[in-house]
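Asker: So the sequence lines, in the order shown, correspond to chains A and B. Quick note: the first sequence uses this note's numbering, first residue 1, plus one each step. Quick note: the second sequence uses this note's numbering, first residue 1001, plus one each step.
It is worth saying that the hints were derived from the structure and are not from the lab. For glycine and all other residues, C-beta sits at the position ideal for the given N, C-alpha and C. Wrong hints could be hidden among the right ones.
To be verified - Now the in silico label distances, taken between C-beta atoms and shown as ranges: (1) A/LEU122 x B/GLN1300: 43 to 49 Å; (2) B/LYS1142 x A/LYS85: 54 to 60 Å; (3) B/GLN1300 x A/ASN15: 34 to 40 Å; (4) A/ILE22 x B/PHE1270: 26 to 32 Å; (5) A/LYS85 x B/ILE1009: 51 to 57 Å; (6) A/MET4 x B/GLY1257: 33 to 39 Å; (7) A/ASP11 x B/THR1271: 30 to 36 Å; (8) A/LEU77 x B/ASP1305: 52 to 58 Å; (9) B/ASN1306 x A/ASP11: 53 to 59 Å.
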Amino acid sequence: MDAMYRENILDHGMNPRNKGIIEPATLDLEMRNPLCGDRLHLTLRVNDENVITALGWDGEGCAISQAAASMLGERILGMTVEDVKHITKEDIFEMLGIPLSANRVKCALLGLKVLHVGLYGLEFWQSEDEE
Amino acid sequence: MIPEHIPTILNLKSDFPILNQHHQTGNLLTYLDSAASSQMPNIVIEAMSDYHRRYHANVHRGIHQLSELATEAYELARKKVKGFINAKSKREVIFTKGTTEGINLVVHAWGRANLGQGDVVLVSQMEHHSNIVPYQILAQEKGFTIRFIPITPMGEIDLLAYQQLLADNPVKLVAVTHCSNVLGTINPIAEMARLAHKYGAIIVVDGAQSTPHMSVDVQALDVDFFAFSGHKMCAPTGVGVLYGKQALLEAMPSFLGGGSMINEVTWDGFTPAELPAKFEAGTPNIAQAIGLGYAIDYLQAIGMDNIHQHVQTITTYALEGLRQIPSIRIYGDSPSRGGLIAFTLSNIHAHDLSQALDFEGIAVRSGHHCAQPLHRLLGVNATTRASFYLYTTKADIDRLVVALGKVVQFFKG
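With these hints in hand, go ahead and build the complete structure from the sequences.
Answerer: This is the structure we're talking about:
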């Protein structure tokens, strides 16, 4: 229990950063995890240099999915759209720093999925998914 | 001179507990009905038993250890299937109950959305009922026409007639088997797919008899849909696979509705889940899918080319033996033949024949093999079919030929 619900998870899970939708937004996309009903609505703004200057998200889900979205949001603020492409699933697992079982991986990755699908399309996400 | 390719003869009976039983004759059972259902090796039986004993739980749902283990094993099986048929993606691998369900899924989802008045579906004359009747059911509702691709006297698809049918009709779909379950003919699917696509049709292939026996590469064949069953390839009944090209599967409406196949449900409607969940409504046959994964491991460890070569050797040996029986008629004469032989003996009904063989400890199948229109075309009510697999030995064939000789003598009596 302690291994999974570490302090950082509980902190981000209970007090998510950048929560709330922004307007106007360059990217505005909502996706769901049908297995557990988690929902994530991501909005972000990109300037002329392709840098992410503002970001907000909303959604419901377990502590893992909320914490992952919160940490990812903090991380990508100020990054370029091109740099975001290189964030991998492993990066998310590393950020969370906890062991995840197969059924929880989807919770952890919902944020990255919305981000990557929104910026690069579903095919980019799916090609990442293929082993 | 040593031939470049030395035919492989396999000896695998000891892997299959069911084949190590003694029949009341005192002999080991001679099982020559693998085209109906093959037997399972220990590794498959144990993998399923392990699931039942250690981690039986539903998949994709529970946040608990058993469900995690079950989900991992189920998805690992999908990955194995993907590699086995060389699909581009795991999303193209839909677990079904079997070939029949796979074909029905295509007909009711793709067909319902794409077939209507004026359209033509081509079905070959050598199809199993499961590749005829689903189209007939939908045709009653949608009013499209079904035309049959003729076969030659050798029992092969008449490719010239096929091309003519494509040229003369607004064909939207071609339904054909990869390997006939009666004639044994292995059809030129890559060529048929190329022609279908040239005329703007999709091709749906029944791979029930081919997938167990030869390496299947759905990308090389360029088929749109390809369905097969686990229980003919060392896996249990109750699991099969529908392969479909991702773009087609994504564009298709849903088939069965229920759990797992949804993204979101409201009082007003639903949005479907992503592939492959979109077409896997309800709790799947988890143990069976896991068993299929292990069956694939087993087949690949032996090598599909070795299996094919072995079955070819056995089939050639059986044809030589059976042709020595004076009153026999063998159906299908294609040089491109899978591991089964359907035959009749004059004056002996197929059912009497298989009954007599059963007394000798030999299991074969008799009847129309779910291909009544083909049997009518061949001018027989029923045939007897002996079918072979990786565990069939030359001794099994010898026993069949000797027993048939005895049966002929008996009924002459």
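Asker: Next step is simple, just say for each hint if it's right about the structure.
Answerer: A quick look at each hint next to the structure:
At about 31 Å, the beta-carbon gap between A/LEU122 and B/GLN1300 misses the expected band of 43 to 49 Å. Between B/LYS1142 and A/LYS85 the CB atoms are about 45 Å apart, so this pair departs from the stated range of 54 to 60 Å. Between B/GLN1300 and A/ASN15, the C-beta spacing of about 51 Å breaks the proposed range 34 to 40 Å. Separation of A/ILE22 from B/PHE1270 is about 30 Å and conforms to the stated range, judged on CB atoms against 26 to 32 Å.
Distance hint check for A/LYS85 and B/ILE1009: the Cβ-Cβ separation is about 54 Å, which falls inside the suggested range of 51 to 57 Å. The hinted window of 33 to 39 Å between A/MET4 and B/GLY1257 holds, with their beta carbons roughly 35 Å apart. The given range of 30 to 36 Å is respected by A/ASP11 and B/THR1271, whose C-beta atoms sit roughly 33 Å from each other. The hinted window of 52 to 58 Å between A/LEU77 and B/ASP1305 holds, with their beta carbons roughly 55 Å apart.
Between B/ASN1306 and A/ASP11 the beta carbons are some 58 Å apart, a value that agrees with the proposed interval 53 to 59 Å.
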